[in-house]
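Visitor: Listed below, chain by chain, are the residues.
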Amino acid sequence: MALLEIRDLDAGYGDLQILDGVDMNVDSEEYVAIVGPNGAGKSTVMKSVFGLTTYMGGSVEFDDEEISGLGPSEIITRGLSYVPQSDNVFAGLTVRENLEMGAYTLDGVPESRVEAVFERFPILEERQGQRAGSLSGGQQQMLAMGRALMLDPDLLLLDEPSAGLAPDLVDEMFDRIDEINDAGTAVLIVEQNAKEALRRCDRGYVLVQGQNRHEDTGRALLDDEQVRADFLGG
Amino acid sequence: MATSTETNTVVAFVRERAALIALGLFLAFLVADLFRKLGTGALTAASLAGFVKDGTVLGLSLGLAGIGLAMTYSILNFANFAHGDYITVGGVVGWITAFLVAGSGSANVEQLVLLRASSRTLGISVTTAPVAIVLGLIVSVVVTAGLALLIDRLVFRPMRGQRGIALLIASVGVALAVRYLLVFVLQTGPRGLTAGQVTPSWDLPVGGGTVTVTAHELTLAVLAVALMLGTHVLLRYTTFGTAMRAMADNEDLAQVSGIPTERVIRTTWLLGAGLTGAAGFLIALERGALTTSFGWQLLLLVFAAVILGGIGSVYGAMVGGLVIGLASRLSVVWLPESFIIAAAFVVMIVMLLVRPKGLLGGVTTV
Chain A
1 MALLEIRDLD AGYGDLQILD GVDMNVDSEE YVAIVGPNGA GKSTVMKSVF GLTTYMGGSV
61 EFDDEEISGL GPSEIITRGL SYVPQSDNVF AGLTVRENLE MGAYTLDGVP ESRVEAVFER
121 FPILEERQGQ RAGSLSGGQQ QMLAMGRALM LDPDLLLLDE PSAGLAPDLV DEMFDRIDEI
181 NDAGTAVLIV EQNAKEALRR CDRGYVLVQG QNRHEDTGRA LLDDEQVRAD FLGG
Chain B
1 MATSTETNTV VAFVRERAAL IALGLFLAFL VADLFRKLGT GALTAASLAG FVKDGTVLGL
61 SLGLAGIGLA MTYSILNFAN FAHGDYITVG GVVGWITAFL VAGSGSANVE QLVLLRASSR
121 TLGISVTTAP VAIVLGLIVS VVVTAGLALL IDRLVFRPMR GQRGIALLIA SVGVALAVRY
181 LLVFVLQTGP RGLTAGQVTP SWDLPVGGGT VTVTAHELTL AVLAVALMLG THVLLRYTTF
241 GTAMRAMADN EDLAQVSGIP TERVIRTTWL LGAGLTGAAG FLIALERGAL TTSFGWQLLL
301 LVFAAVILGG IGSVYGAMVG GLVIGLASRL SVVWLPESFI IAAAFVVMIV MLLVRPKGLL
361 GGVTTV
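Chains as they are written, first to last, in full-length UniProt numbering: chain A, 1 to 234; chain B, 1 to 366.
FYI, nobody ran anything at the bench for these hints, they're computed from the structure.
Mixed in with the good hints, there may be bad ones.
In silico lysine to any residue, SDA-like type, Cα no more than 25 Å apart, as pairs [unchecked claim]:
no., chain 1, residue 1, chain 2, residue 2
1, B, Lys-37, B, Phe-240
2, B, Lys-357, A, Thr-94
3, A, Lys-195, A, Asp-152
4, B, Lys-357, A, Val-208
5, B, Lys-53, B, Asn-77
6, B, Lys-357, A, Leu-135
7, B, Lys-357, A, Arg-131
8, B, Lys-37, B, Val-198
9, A, Lys-195, A, Ala-163
10, B, Lys-357, A, Ser-136
11, B, Lys-53, B, Arg-263
12, B, Lys-37, B, Ala-18
13, B, Lys-357, A, Asp-224
14, B, Lys-53, B, Val-198
15, B, Lys-357, B, His-232
16, B, Lys-357, A, Glu-30
17, B, Lys-357, A, Ser-134
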């Protein structure tokens, strides 16, 4: 049964419509990638799920409940977390404070969650008293994920987690995402690094000009002549 | 020539830091001249200590008054020109309260409410009417915070998300409306508040002379420092304070982290304006008088302090306030007294040339 179900979603910014009848779903513990050319509306899908765009029609259900029209602070309490593409840490706050902000909706920060995040990203424990702005790009990305994992979400939305990372860090980032997914958290990822994302995910969607173009397992999409011709570059 | 590269390095160093070096030389000259003046007796240690005391008192006033301005700037991204009039409101409502408490029974209520009763007859000071002062302080905090929330609801909230310049212009309108509402009720003209003859003061011996510290200067200094420390504890050690810093840092991320941004904004107004009201009340206490435009007149210096500290930085406002206060009062050593304000701004401009982001700008938000 679908954890997240997007049906016929129209959304955009102000008067500008970006998404045109998008259908997508993510099952519990599934790993789903959204790929597509620049400007296809990939990030807009995530922002729309999180209530950050102008809703224009269709439905977004999470755990069988309609969430379109809710604000981020309500959505986050239902088991969804979102890691934006850029500016995804509070640069002036310490690493620990960043994590605490991830659990703001709870009364008090459960130390067990902080420990769980430190266990997943040991570098964050070492750096917990440092300002997030002083971390390297890769460490900041781990902190951003750590913050999003503070509420132990059922579904994690990741917007271009490999953007701006050095090539050797990209692989490590994908390994971390695999680990998070293996631990039982469903993942919906938008990636510029489409081949790697499709290699790793269970299922993928190819989005073009705000519409679904292809949908299949990651492997099948990688092998699909049409998809390769359209945008994977042969 | 083995030394030519070294010479070039030195030349490059001097060129890059010409302004800084000139500034350093000028400061060294001032310090040397200060010692010369002290040595020749042109300036006594006691009068120098007096300038430092006056500068510290002014600096703490500006710092306390600046916290609210820095807070709203960092959270809402606009320079609130109504801030000066919030200072006035704090002073006015707090002192009306103090007058009513101290003068109940002995003077006509209308005279008390309009702050027209004679301050000499009322005889208010921290020692003769402590209850009136404490209640006045509480009312100044509560009413100013309430007013700021009301104005946010009526004016600024409908404009949320607009550019800083639109909000700034709206705040100028709010400033004028608040100020002339006060003028409408109170009329213009200075009002005496405290009674100097019953205010305790101490003459501290300094190098052969004395420096006089009044109980009201001491009250302002102690409470200003206490409120600044309280602000520091709130911002650093509470979850809500961390959320305020988070929002100042990155509002979009705060939103997707589930931080209730509207509530943070409301609380920022409450805290910032509450501190501003307290500043207005305490500054009027220390000066012993107020007018319906004293906050507005102070606003320029408060802005100077906040900009110097790094606009949007609460700690910067505190440090900037002290620098502006001390610089303006110490300028009297070299300049005629009418140049006090000009000196404060010259210091601000020079320091911003050296550190364009302000003393603490870019180091710490909120």
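Visitor: Are the hints correct? Go through all of them and say.
Guide: Hints, verified against the model:
Distance hint between B:Lys-37 and B:Phe-240 is unfulfilled; the C-alpha atoms sit about 51 Å from each other, more than 25 Å. For the hint pairing B:Lys-357 with A:Thr-94, the CA-to-CA distance comes to about 21 Å; that is within 25 Å, so the pair holds. Distance restraint check for A:Lys-195 and A:Asp-152: the Cα-Cα separation of roughly 28 Å exceeds the 25 Å cut-off, and the hinted pair is therefore not satisfied. With a C-alpha separation of about 43 Å, the suggested pair B:Lys-357 and A:Val-208 falls outside the 25 Å cut-off, and the hint is violated.
Taking the CA atoms of B:Lys-53 and B:Asn-77, the gap is about 34 Å. The hint is violated against a cut of 25 Å. This hinted pair checks out: B:Lys-357 and A:Leu-135 have alpha carbons roughly 22 Å apart, not beyond 25 Å. Straight-line distance between C-alpha atoms of B:Lys-357 and A:Arg-131 comes to about 19 Å, which keeps the hinted pair within the 25 Å bound. A distance of roughly 36 Å separates the Cα atoms of B:Lys-37 and B:Val-198; the hinted pair therefore is violated under the 25 Å criterion.
With a C-alpha separation of about 14 Å, the suggested pairing of A:Lys-195 with A:Ala-163 holds against the 25 Å cut-off. Straight-line distance between C-alpha atoms of B:Lys-357 and A:Ser-136 comes to about 24 Å, which keeps the hinted pair within the 25 Å bound. A distance of roughly 40 Å separates the Cα atoms of B:Lys-53 and B:Arg-263; the hinted pair therefore is violated under the 25 Å criterion. Among the hinted pairs, B:Lys-37 with B:Ala-18 is inconsistent with the structure: their alpha-carbon atoms are about 28 Å apart, more than 25 Å.
A threshold of 25 Å between alpha carbons decides the hint, and for B:Lys-357 with A:Asp-224 the separation of about 54 Å lies outside it, so the pair is violated. Only pairs whose Cα atoms come within 25 Å are accepted, and B:Lys-53 paired with B:Val-198 is accepted, the gap being roughly 21 Å. With a CA separation close to 21 Å, the supplied pair B:Lys-357 and B:His-232 stays within the 25 Å bound. As the CA atoms of B:Lys-357 and A:Glu-30 are separated by approximately 47 Å, the hinted pair breaks the 25 Å bound.
Taken as a hint, the B:Lys-357 and A:Ser-134 pair is honoured in the structure, with Cα atoms around 19 Å apart against an allowance of 25 Å.
Consistency with the previously given hints fails for numbers 1, 3, 4, 5, 8, 11, 12, 13 and 16, ordered from lowest to highest.
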